[in-house]
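A.B. asks: Listed below are the residues making up each chain.
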Amino acid sequence: MSYLSKLISRRRLYRELSEEIQAHLDEKIEELVADGMSREEAKQAALREFGNIGLVEEDSVNVWAWPSVEEFFSDARYAVRTLRKSPVFTAVALLTIAVGIAANTAVFTVVNSVLLRPLYYPKPEELVALHQIAPGAPGLADFESGLLLSPSMYFTYAEHNRTFQSLGVWVTGTANVTGLAEPEQVRTVFVSDGVLQTLSVPPEVGRWLLPTDQVPRGPERVMLSYEYWQRRFGGSPTVIGRNITIDSQPREVVGVMPKGFQIVDASFDVLVPVGFDRGKLILAGFGYHGVARLKPGATIAEANADITRMLPIWMDSWSNGPGTNSHFYETWRITPMIRPLKQEVIGSVGELLWVVMGTIGVVMLIVCANVTNLLLVRVEARQQELAVRTALGAGWLRIVRGLLVESVMLGVIGGVVGVGLAYAGVRFLVAMGPANLPRLNEIGIDARTMGLTLILSALSGLLFGLIPALKYARPRSRSALQSAGRTMSVSRERHRARNSLVVGQMAMALVLLMSAGLMIRTFGALRKVDPGFADPQHLQLMRISIPVSLITKPEQVTRTQNAILDKLAAIQGVKSVGFVSAMPMEGFDSGWDCIFAQDKTYRDNVMSPLRLYKHISPGLLQTAGTRLVAGREMTWSEIYELQPVVMVSQNLARELWGTPSAAIGKRLREYSKMPWHEVIGVVQDVREKGVQETAPEIVYWPPIMENLFGPGPAQAVRDTTFVIRSDRAGTENFLNEVRAAVWSVNANLPLASVRTMQEVYDRSVARTAFTLVMLGIAGAMALALGMIGLYGVMSYTMSQRKREIGIRLALGAQRGDVLQMILRQGMKLALVGIAVGIGAAFGLTRLMGNLLFGVNAHDPLTFAGVSGLLILVALLACYIPARRAILVDPVVALRYE
Amino acid sequence: MMILRTLKRQPLHGYALAQHIKRASDDLLQIEEGSLYPALQRLLKQELVKAEWGTSSTNRRVRIYKVTAAGAKHLQREVSSFERMLEGITRVLAPGES
Chain G
7 MSYLSKLISR RRLYRELSEE IQAHLDEKIE ELVADGMSRE EAKQAALREF GNIGLVEEDS
67 VNVWAWPSVE EFFSDARYAV RTLRKSPVFT AVALLTIAVG IAANTAVFTV VNSVLLRPLY
127 YPKPEELVAL HQIAPGAPGL ADFESGLLLS PSMYFTYAEH NRTFQSLGVW VTGTANVTGL
187 AEPEQVRTVF VSDGVLQTLS VPPEVGRWLL PTDQVPRGPE RVMLSYEYWQ RRFGGSPTVI
247 GRNITIDSQP REVVGVMPKG FQIVDASFDV LVPVGFDRGK LILAGFGYHG VARLKPGATI
307 AEANADITRM LPIWMDSWSN GPGTNSHFYE TWRITPMIRP LKQEVIGSVG ELLWVVMGTI
367 GVVMLIVCAN VTNLLLVRVE ARQQELAVRT ALGAGWLRIV RGLLVESVML GVIGGVVGVG
427 LAYAGVRFLV AMGPANLPRL NEIGIDARTM GLTLILSALS GLLFGLIPAL KYARPRSRSA
487 LQSAGRTMSV SRERHRARNS LVVGQMAMAL VLLMSAGLMI RTFGALRKVD PGFADPQHLQ
547 LMRISIPVSL ITKPEQVTRT QNAILDKLAA IQGVKSVGFV SAMPMEGFDS GWDCIFAQDK
607 TYRDNVMSPL RLYKHISPGL LQTAGTRLVA GREMTWSEIY ELQPVVMVSQ NLARELWGTP
667 SAAIGKRLRE YSKMPWHEVI GVVQDVREKG VQETAPEIVY WPPIMENLFG PGPAQAVRDT
727 TFVIRSDRAG TENFLNEVRA AVWSVNANLP LASVRTMQEV YDRSVARTAF TLVMLGIAGA
787 MALALGMIGL YGVMSYTMSQ RKREIGIRLA LGAQRGDVLQ MILRQGMKLA LVGIAVGIGA
847 AFGLTRLMGN LLFGVNAHDP LTFAGVSGLL ILVALLACYI PARRAILVDP VVALRYE
Chain D
374 MMILRTLKRQ PLHGYALAQH IKRASDDLLQ IEEGSLYPAL QRLLKQELVK AEWGTSSTNR
434 RVRIYKVTAA GAKHLQREVS SFERMLEGIT RVLAPGES
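From first to last, the protein sequence lines are chains G and D.
Using the working numbering, the letters of the first sequence map in sequence onto residues 7 to 903.
Using the working numbering, the letters of the second sequence map in sequence onto residues 374 to 471.
For the record, the hints were derived by calculation from the structure and aren't laboratory data.
Here the structure is a predicted model, which is why all the values come from computation and not from measurement.
Ideal Cβ positions, reconstructed from N, Cα and C, are used throughout, including at glycine.
Heads up, a few of these hints could be off.
Covered by chain D, per the in silico footprint, the following chain G stretches (three or more residues, Cβ under 8 Å) [to be verified]:
| id | stretch |
| --- | --- |
| 1 | 33-39 |
| 2 | 664-676 |
The following label-pair restraints were derived from C-beta to C-beta distances [to be verified]:
| id | chain 1 | residue 1 | chain 2 | residue 2 | range |
| --- | --- | --- | --- | --- | --- |
| 3 | G | Ala453 | D | Gln449 | 53 to 61 Å |
| 4 | G | Glu47 | D | Met375 | 24 to 32 Å |
| 5 | D | Arg450 | G | Ala40 | 23 to 31 Å |
| 6 | G | Leu476 | D | Ala412 | 30 to 38 Å |
| 7 | G | Arg18 | D | Gln419 | 43 to 51 Å |
| 8 | G | Glu47 | D | Ala412 | 37 to 45 Å |
| 9 | D | Gln449 | G | Ala40 | 35 to 43 Å |
| 10 | G | Ala40 | D | Val452 | 33 to 41 Å |
| 11 | G | Leu371 | D | Met375 | 54 to 62 Å |
| 12 | G | Gly401 | D | Gln449 | 37 to 45 Å |
Short, incomplete list of chain G residues facing chain D, as computed with Cβ under 7 Å [said to hold, decoys possible]:
| id | residue |
| --- | --- |
| 13 | Glu26 |
| 14 | Gln649 |
| 15 | Asp895 |
Given these sequences and hints, build the entire structure.
C.D. replies: The structure is reproduced here in structure tokens:
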């Protein structure tokens with residue numbers, strides 16, 4: 007018979023044993039009776055001679071089975087029974103644990119999916135992003151993306167490197183697909199040769215784009231994303247070899263990439279070869295992201311050194327045209343800062359997620375503290391039972407184990423319930439998360455998360471079970487048996503554990519609330535910032551691109567845009583309209599160029615800081631609510647006549663000429679060939695890159711300008727955001743009328759990125775909002791749990807001290823005095839907790855410095871406010887049980903027990 | 374050893390076994406009757422004895438224990454080692470041979 011089958015048959019074993027023992031006793035009794043004893047006496051004697059029946063039975067059974075397993079089962083059964091007997095305690099404890107576990111699981115799921123799981127490309131550890139910075143080029147390289155690569159850099163790096171297996175450059179864009187159904191704007195990624203090879207993900211069907219597809223003016227080829235393939239072509243394999251019209255240019259589909267494939271962090275509909283024309287490349291054109299695969303064994307430091315070595319080669323091999331100094335870029339101090347691709351994908355979200363994970367972890371600690379407290383109170387109430395068990399011969403180890411089994415069981419059941427909640431929580435997080443949360447489509451609960459949750463549940467069960475178990479299982483049965491239920495008031499020593507738990511809870515709650523408070527202040531500060539536009543929920547935006555293949559003549563492009571404006575303005579409820587190359591915070595890559603002022607001297611005739619520039623239509627400023635600080639807007643007639651006019655931002659005007667009004671009439675240009683443009687207006691500063699970022703200096707050019715390089719008299723901006731101010735913005739009816747208006751001008755123009763300015767704004771503060779909500783939830787949970795903890799301790803103490811209070815009252819103490827005494831005792835705990843919390847918060851809030859805006863990490867107002875709030879709530883938590891205690895009739899209290 | 378020895382003589386059930394040992398030791402060995410059972414279970418587990426349900430002299434359904442072959446061998450070994458030990462003790466304690 008194996009152990010297992012014995013385990014199963016142990017009921018039979020039990021039955022047989024008791025039967026046997028009963029027979030033994032019966033026989034003995036009979037014999038004794040036969041000897042002349044009375045039946046009662048005989049029974050007593052038989053039992054006396056036999057010994058402890060229960061122990062004998064247990065010992066006999068233990069011979070058979072793996073005793074610890076047996077005992078575990080009996081402990082578990084016992085735990086279930088006791089838990090079921092106190093449903094309120096069980097429900098409160100389970101709910102607390104479940105919520106804690108759910109919050110942790112949900113957040114860890116996101117952290118795991120976004121930060122921990124490797125990228126889905128083969129051998130992801132070899133992949134790097136060719137990031138570089140240029141401290142000598144203010145403006146252009148100030149932001150997250152650093153200095154991007156130019157096509158000539160790509161060729162230099164690809165041909166001269168020693169540390170990469172392959173490398174390529176890519177950039178996102180949009181394109182119009184026509185001829186399928188309605189004209190549609192799709193997301194594109196332009197890739198050079200080497201990008202697909204570097205990422206090494208084979209196509210779902212068809213083939214990759216090959217070097218032969220990268221030949222300028224060669225055969226036009228394209229790849230599709232799995233999602234676009236499914237949506238537009240129903241997943242039909244016959245799409246391979248078919249032509250689709252992209253920006254009025256037929257291109258042959260050669261392959262489809264598999265589901266979920268992204269180029270680094272960009273999802274796309276179509277993948278278009280860039281087809282650089284080598285012969286026409288110059289040094290400049292820093293607009294491409296670089297991605298590379300390191301040679302096996304090569305380190306990032308080696309790769310950085312490799313790029314540093316190649317920069318002079320790059321400057322020697324290319325030029326910006328005759329008469330320019332190729333080594334001018336030395337002043338930019340271009341420095342490679344290659345980073346693992348994963349870091350590039352995750353970006354700044356990593357820090358945010360860790361903060362959230364940390365806070366949720368603290369909440370879990372508070373949950374444990376709270377449940378520990380509940381258990382402590384409960385074990386105290388069960389002291390008599392435990393003492394009886396000890397007296398009956400249970401070893402203290404056995405009792406500890408019993409208690410631990412009970413708490414671990416609580417933890418695990420809580421965990422199981424928690425995982426259920428977590429599924430809902432993950433949905434909530436994904437919906438709530440910053441819209442640009444990377445790897446969004448990969449977020450899901452996996453085995454690792456489940457494992458962590460289970461471990462977490464069991465561990466927390468152990469954690470909150472251990473303190474009460476060790477505290478009360480010590481053998482001291484006699485005193486417990488005697489004193490249980492008759493204490494006058496509770497000894498100091500018994501209180502210490504619970505008190506320190508309450509102090510800890512208060513402290514952690516304070517830290518979380520402090521973080522939440524700082525985020526609220528940050529949000530408030532962000533709201534107060536004038537972003538450079540007004541009333542964003544009534545601003546309707548949409549992108550319209552007019553490709554060369556649709557309308558060739560630049561002037562015709564501008565006239566079409568003008569006609570669209572006129573049609574839009576005629577829609578009912580529209581107050582004003584305008585267009586611009588990109589609205590603030592839209593996230594479209596803006597143009598940067600060197601700007602020269604006529605009355606300033608520049609070294610070498612090339613040195614000048616880079617400035618952000620935009621093209622702007624008349625009416626845009628008024629529509630967007632951007633103030634004109636000085637001068638006037640340009641007019642349509644000036645635009646069509648190619649009058650050399652320009653507007654600048656206030657900060658640029660101040661930097662160059664001191665005051666906005668002094669800028670009017672001054673002249674500036676980009677290149678020496680370009681005619682000087684007269685500054686006719688100065689525009690308020692705009693928070694172009696987001697509310698948190700400082701406003702860059704901006705030059706506003708007309709939408710059509712004299713042509714500097716290619717053929718033809720002028721060039722027009724073709725990709726624009728149209729802006730409509732109307733109270734009807736965002737409604738379906740309104741959008742239908744807008745579409746009809748656009749298509750009445752040209753039916754081949756798709757509308758893309760249709761949204762209100764409010765949505766753009768919300769996206770740009772999504773990170774802050776997300777952090778705020780998460781910290782707010784964590785803080786609220788901590789506050790509630792902390793208060794429950796304090797309240798629980800206070801009311802329990804009160805119930806223990808009923809007699810004492812009764813005596814005090816009977817002896818003539820005033821109720822007010824007693825109340826004060828109790829409150830003082832409770833508040834002492836709260837204040838110690840708050841003091842500890844302030845100390846901790848002082849160190850910890852500094853960690854979230856990067857998430858804050860316009861507020862110091864040690865903001866005194868937040869510290870004072872949160873402390874005040876906590877004191878207030880703590881007072882309440884003490885007052886309720888205290889009041890109940892002193893209202894007790896002394897006579898009743900004294901008779902109690 | 375005592376149990377095995379008693380059972381070797383004749384298969385018995387629990388109560389009878391207890392009485393036997395008591396009588397045989399002339400009440401010198403005061404053991405709780407109950408402690409017999411865990412010991413019996415141990416022997417059962419080591420397969421030195423086996424048990425069968427039968428009827429006692431007082432007509433109760435009881436388990437009758439019987440020594441197995443392994444049990445007999447074990448007893449022999451135990452007895453001989455015990456005797457050797459006893460012999461050793463006797464020799465040490467035997468007076469005046471030195």
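A.B. asks: Measuring from the C-beta of Glu26/G to each C-beta in chain D, is the shortest one below 7 Å?
C.D. replies: 5 Å, holds
A.B. asks: Hey, does the Asp895/G contact hint survive, CB to chain D under 7 Å?
C.D. replies: 54 Å, violated
A.B. asks: Honestly, do Glu47/G and Ala412/D meet the 37 to 45 Å range at C-beta?
C.D. replies: Hint violated: Cβ distance 28 Å, outside 37 to 45 Å.
A.B. asks: For the range 43 to 51 Å, tell me whether the beta carbons of Arg18/G and Gln419/D fit it or not.
C.D. replies: 20 Å, violated
A.B. asks: Are Ala40/G and Val452/D spaced within 33 to 41 Å by their CB atoms?
C.D. replies: 35 Å, holds
A.B. asks: Within the stretch 33-39 of chain G, is the number of residues with a Cβ closer than 8 Å to a Cβ of chain D three or more?
C.D. replies: The restraint on the stretch 33-39 of chain G holds, since 3 of its residues have a Cβ under 8 Å from chain D and three suffice.
A.B. asks: How about Gln649/G: closest beta carbon in chain D under 7 Å, or not?
C.D. replies: Result: violated, 108 Å to nearest chain D Cβ.
A.B. asks: CB of Gly401/G to CB of Gln449/D, is that within 37 to 45 Å?
C.D. replies: 38 Å, holds
A.B. asks: Against the range 53 to 61 Å, how does the distance between the Cβ atoms of Ala453/G and Gln449/D compare: consistent or not?
C.D. replies: 58 Å, holds
A.B. asks: CB of Leu476/G to CB of Ala412/D, is that within 30 to 38 Å?
C.D. replies: 36 Å, holds
A.B. asks: When you take the CB atoms of Glu47/G and Met375/D, is the distance between them in 24 to 32 Å?
C.D. replies: 29 Å, holds
A.B. asks: Quick check on a hinted range of 54 to 62 Å for Leu371/G and Met375/D, using CB atoms only.
C.D. replies: At 60 Å between Cβs, range holds.
Hints 2, 5, 7, 8, 14 and 15 from the earlier list are contradicted by this structure; the remaining hints agree with it.
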